[in-house]
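Trainee: This is what each chain is made of:
There are 2 protein chains.
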Amino acid sequence: MREVTENIAGYGYGSAEVAASPVSLQDLELLKITVGFTPDDERYLRLAGEVLTGQTHAIVMQWRGQIIAHIPHLAQHSRALDGSPLPDYLAASNLRFEQWILDTCFRPHDRQWLDYQHEIALRHTRAKKNRTDGAPSTAYVPLRDAIGFVAVLNDTIRPYLASRGHPSVDVDGMHRAWCRSIQLQVALWARAYPSEEW
Amino acid sequence: MREVTENIAGYGYGSAEVAASPVSLQDLELLKITVGFTPDDERYLRLAGEVLTGQTHAIVMQWRGQIIAHIPHLAQHSRALDGSPLPDYLAASNLRFEQWILDTCFRPHDRQWLDYQHEIALRHTRAKKNRTDGAPSTAYVPLRDAIGFVAVLNDTIRPYLASRGHPSVDVDGMHRAWCRSIQLQVALWARAYPSEEW
Chain W
1 MREVTENIAG YGYGSAEVAA SPVSLQDLEL LKITVGFTPD DERYLRLAGE
51 VLTGQTHAIV MQWRGQIIAH IPHLAQHSRA LDGSPLPDYL AASNLRFEQW
101 ILDTCFRPHD RQWLDYQHEI ALRHTRAKKN RTDGAPSTAY VPLRDAIGFV
151 AVLNDTIRPY LASRGHPSVD VDGMHRAWCR SIQLQVALWA RAYPSEEW
Chain A
199 MREVTENIAG YGYGSAEVAA SPVSLQDLEL LKITVGFTPD DERYLRLAGE
249 VLTGQTHAIV MQWRGQIIAH IPHLAQHSRA LDGSPLPDYL AASNLRFEQW
299 ILDTCFRPHD RQWLDYQHEI ALRHTRAKKN RTDGAPSTAY VPLRDAIGFV
349 AVLNDTIRPY LASRGHPSVD VDGMHRAWCR SIQLQVALWA RAYPSEEW
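Chains as they are written, first to last, in this note's numbering: chain W, 1 to 198; chain A, 199 to 396.
Among the hints, a few may not be true.
Cβ-Cβ distance ranges computed for the label pairs, FRET-style [what the hints assert, rightly or not]:
1. W:G134 with A:H255: 55 to 63 Å
2. A:D370 with W:G10: 35 to 43 Å
3. W:R131 with A:G210: 40 to 48 Å
4. W:G12 with A:Q260: 40 to 48 Å
5. A:S366 with W:H57: 29 to 37 Å
If you only want the chain W side, here are some residues facing chain A, beta carbon under 7 Å, derived [to be verified]:
6. L30
7. V150
8. A151
Here chain W is said to cover these stretches of chain A; the calculated rule only asks that three of the stretch's residues, wherever they fall, bring their Cβ under 8 Å from a Cβ of chain W [said to hold, decoys possible]:
9. 331-344
10. 377-383
It is worth saying that the hints were derived from the structure and are not from the lab.
This structure is a prediction, so every number in the text was calculated from the model and none was measured.
Each residue gets a CB set at the ideal place from its N, CA and C atoms; glycine is no exception.
Okay, chain W solo, but in the shape it has when bound (with noise of 0.2 Å):
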């Protein structure tokens, strides 16, 4: 594994706190058929990984500095009920946010890897959602924007792939298994919301 730093608050990857996912293995298998993804996916995302330690800073400031801290509908999910900013909500969640990425490319796809992608989508929904941190923040962070900005991830990611010079087909495989990845976690995350939640 990779740590953007040690001791992220609130990252319990592996850990006992950490939520069982109801999905099985066999599941997940199924459903990397259907995303497409591959053990050359895989590799890739190993390379991307290497691409992207050292980046993650950059790239999680773009997406909360840069476009969803000027989407009023996005940005209160890490701000006060009345609007006003959460610093260290922002800050322990900003840190999670760059480690998700590294765990994108390096996990292998387990049961712990199963569960925690079971525990990031509870902490959108009301059943965890602000736990962690304490934050007196918004219940639940609607299903479709979670899917519906998934879009984003996928497109500004491309630049941080190609920044390290690597061949436009290099490029082309990272930014597919990143895709394919992604596209992935949004599907097992959906299990975890109620309909109530879209």
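Since the structure of chain W is already known, use the hints to place chain A on it.
Mentor: For chain A alone, kept in the frame of chain W given last:
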């Protein structure tokens, strides 16, 4: 609008038998902001539509014949429960699939479009699957596979977008617009799903 052929069985865009989407036009506008969909994307989708007109048969044959047909847990949704083929069902839904490509490119994002998104989604759930064609097939397509297969749709469309010799900046623009539209649509489809059909 643009049609792949006259009289597509079960294609009810804009007709009275189509479901009414519970989503408001205001929520649609917010969701378009989430996926980053802009007026530029609208223009690029029109260009994509011009490029893809005449290629929709080849595209759907690739999706259905070369990809889905070889993935049993996806292929079953166009087959009878004993696995035998349903040629009429497949043929009709293939034509609607072709038309969906053109609708993605040419239809404005208005109330009719929103309603038809909901209708498309319902036709993948227990509520309406098989009904249009009277087909004795699976009860529903799990939401996870609908979300996951987007990665395949997005990846495989690109060579078709590039096949008419447009400069790569325009192919990139068409592809970006396509990916945003599909992510928008699948986010809307999730609204029609009850949790147990994940």
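Trainee: Now, for every hint given, state plainly whether the structure supports it.
Mentor: A quick look at each hint next to the structure:
{"no.": "1", "hint": "W:G134 with A:H255: 55 to 63 Å", "verdict": "56 Å, holds"}
{"no.": "2", "hint": "A:D370 with W:G10: 35 to 43 Å", "verdict": "37 Å, holds"}
{"no.": "3", "hint": "W:R131 with A:G210: 40 to 48 Å", "verdict": "45 Å, holds"}
{"no.": "4", "hint": "W:G12 with A:Q260: 40 to 48 Å", "verdict": "42 Å, holds"}
{"no.": "5", "hint": "A:S366 with W:H57: 29 to 37 Å", "verdict": "30 Å, holds"}
{"no.": "6", "hint": "L30", "verdict": "5 Å, holds"}
{"no.": "7", "hint": "V150", "verdict": "6 Å, holds"}
{"no.": "8", "hint": "A151", "verdict": "4 Å, holds"}
{"no.": "9", "hint": "331-344", "verdict": "holds (count 3)"}
{"no.": "10", "hint": "377-383", "verdict": "holds (count 4)"}
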